[in-house]
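Undergrad: Based on the hints, put chain W in the right spot on chain L.
From first to last, the protein sequence lines are chains L and W.
If you use the UniProt record's numbering, the first sequence corresponds to residues 1 to 405, in order.
If you use the UniProt record's numbering, the second sequence corresponds to residues 1 to 339, in order.
These are computed hints drawn from the structure, not numbers from a lab.
Just so you have them, the derived chain W footprint on chain L, three or more residues with Cβ under 8 Å:
id, region
1, 105-119
2, 178-185
3, 350-358
Where is the CB? At the ideal position from N, CA and C, for every residue including glycine.
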Amino acid sequence: MSMVDGPTPLHTAKGDQAAENREAVGTPPGSSAAAVRRGWFGGLGEKWQALPRQKQWAFLIIVVILAYLLPIINPPLISTEPGNDFALACQTMAVWALVAVGLNIVIGYAGLLDLGYIAFFAVGSYVTAMLTSSDSTFLKIPYLWTIPVAMAVTMFFGVLLGVPTLRLRGDYLAIVTLGFGEIVRILATIIPAMKGQVGFQNVGHPPGTDASGVPIFANSNGTPWYWLTLTILIIVLLLAGNLERSRVGRNWIAIREDEDAAETMGVPTFKYKVWAFAIGAGVGGLSGALMSGQVGFVNNQKFDVVTSVLFVAAVVLGGAGNKVGAILGGALVAYIPLRFTAIADYKYLIFGLALVLIMIYRAHGLLAARQQLLAYGRNAYAAVRAGADAKAAKTKAEPGTEAAS
Amino acid sequence: MIPTLLTLLPAASADDSSWITFDIPSLMQNFWSATFDGLTFGSIYALVALGYTLVYGVLNLINFAHSEVFIMGCYGVFFTLSFLGFGPSAPNLSVGSIIVNLLLALVVAICASALTAFLLERLAYKPLRKRNAPRLVFLITAIGASFTIQYTIFLVRGPNPEPALTMFKSRPIFEVFGTFIYDQQLIIVIAAVIMMVITERFISKSRTGRGIRAVAQDPDTATLMGVNKEKIIITTFVIGGILAGAAALFYVMKIPSGVQYNGGFILGIKAFAAAVLGGIGNVRGALLGGLLLGLIGNYGQILLGNSQWTDVVAFVVLVLVLLLRPEGILGTSLGRSKA
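Excised from the complex, chain L in its bound form:
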């Protein structure tokens, strides 16, 4: 269940209905109502939940190893068409997956629509380029150091943009971010120091050369870049997963489901919205830094605001609020134009149309996992309640237990 099914705060009657549905989906497997709303692959999530923990881990390790081996195996059917190097395609897919995971924090967890995510990607790219490229007049620092700097700068921009808009209703954020996405590109064009179309050549890369003296992280050498990005993606996933299960994540979900109710229950909504927005921006900057390092060249041409809409499409395709869905959505949106070059020109039309159709017919994406968090919270609550009830039954004389639970 994704946030797009959440109740609107205004229409309470329908809202209650939606809440009931959510309740139904959140109940453990076995209750027949669990099948109320499901994606095409919705059954998978339940099977996955039913597996014992060890099997889940074993399966995950296999998937991760296969993911690392992907550019080496280069499976014939999956491989991209000639002209698109498969290892580089893998790197692109990994970067897009990272973008989608970052944007998923903003859209999926906190329910804020960020239409200018490309801007954060661009800021990250430019920070990296300006701090490593031989064309810039700034101080030079090693490439790997620029990654935290890029994240810090993008998070700063995220806060700068989030503070005026997040106090207001969510719609304003959408239009402000949409404007910001375009503005960053325009600024890169018209500010002399950002070099417009000339751009920055020779963006840095991580150190190391192979036996013949060629840098390991050369621009055309996709595999090491892919491994680097994949490793970072896994780290970000683990961190995002932890956030999702923490108090922060629960607050985000509460805000997403019903902001007024969350505020009433004492969630500092503004603070958590800014956090979600800034963390998402930081991940965007991180992916921008990785992309610019691999491409080795940054100018104003790559940061079209339309790409932001593709990012949103990636998150929505996978099912907003769903980490696995975000990875698959991001990889898919990057992969399809590279694999089927015949339709590459139509990609904007295809994904734009897909956005509308998914919203109308299948609002929780193609891969609708159960809303883990809601289920998690409810189970925890049930367990606490059960424990408390048992205690209360045992020691009726003690009045403090009820309140403590």
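TA: Relative to the frame of chain L, chain W by itself:
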């Protein structure tokens, strides 16, 4: 590492690569022509902003696809005029036949825009309203619809702007503060203001207008009171489309080479900024916001020395308004505007 970086920043950026330069003498010199041009652009923004404001007032939705409603009107103007034989240089026609041709283009543009708005509402938003989807779903659909229309045009007409068409040779009429005012500027401003006054009257006086205000105030109660909500919503979209069609004619008149598949995009953001500046949901606010934004954008562009700065200035204005006075200058909602 970061502190050292920051201390080095000013020193590093001081050489040939500059960030922003201000050209105050140029602004002083061109102040009045920038003012008149700004008012012209401002009236176009205001007409488009009305479409955003009305839909926002009634549905609480930022209709991202309104910029495409507008650009469809531009294509309507373009096709009509090229069909009528207009070209890059102004044709030698009598005043009467120019007016007839322009009226024809206006009608086609209005039809194209209104039809787009109508289809958009029926095909994209109505199914969502039926199942009472949350706001985020509406927003994503809106941006998806905008994208779909944009790239359908892209596929049909290609990436380049359409060839420029000049409707008539703009002539200076009279002189104010040492600057000529052109008939084109005058026509655009006057026509836009007239259209906005008519809209304002329509919303505040007519029966349908009262319905629009009722739905904006409280859709459920309005329905209980016998207002046909669906009809009101579709009417609102169509009114927005009609105004966007009119704006399209003026836009092509002002910027003949501006007809392009993504030409509405930035203008849409600016128009929305204008609506927020004046107070979103407020019809008079849209006019005030549009004119102000046109002026600010034009001054900023001349001060900073590049025409693309007007977009940046508009955006900064939007963020500042949201920060300082999110309800806008006039600030009342559509529902509360006086009858």
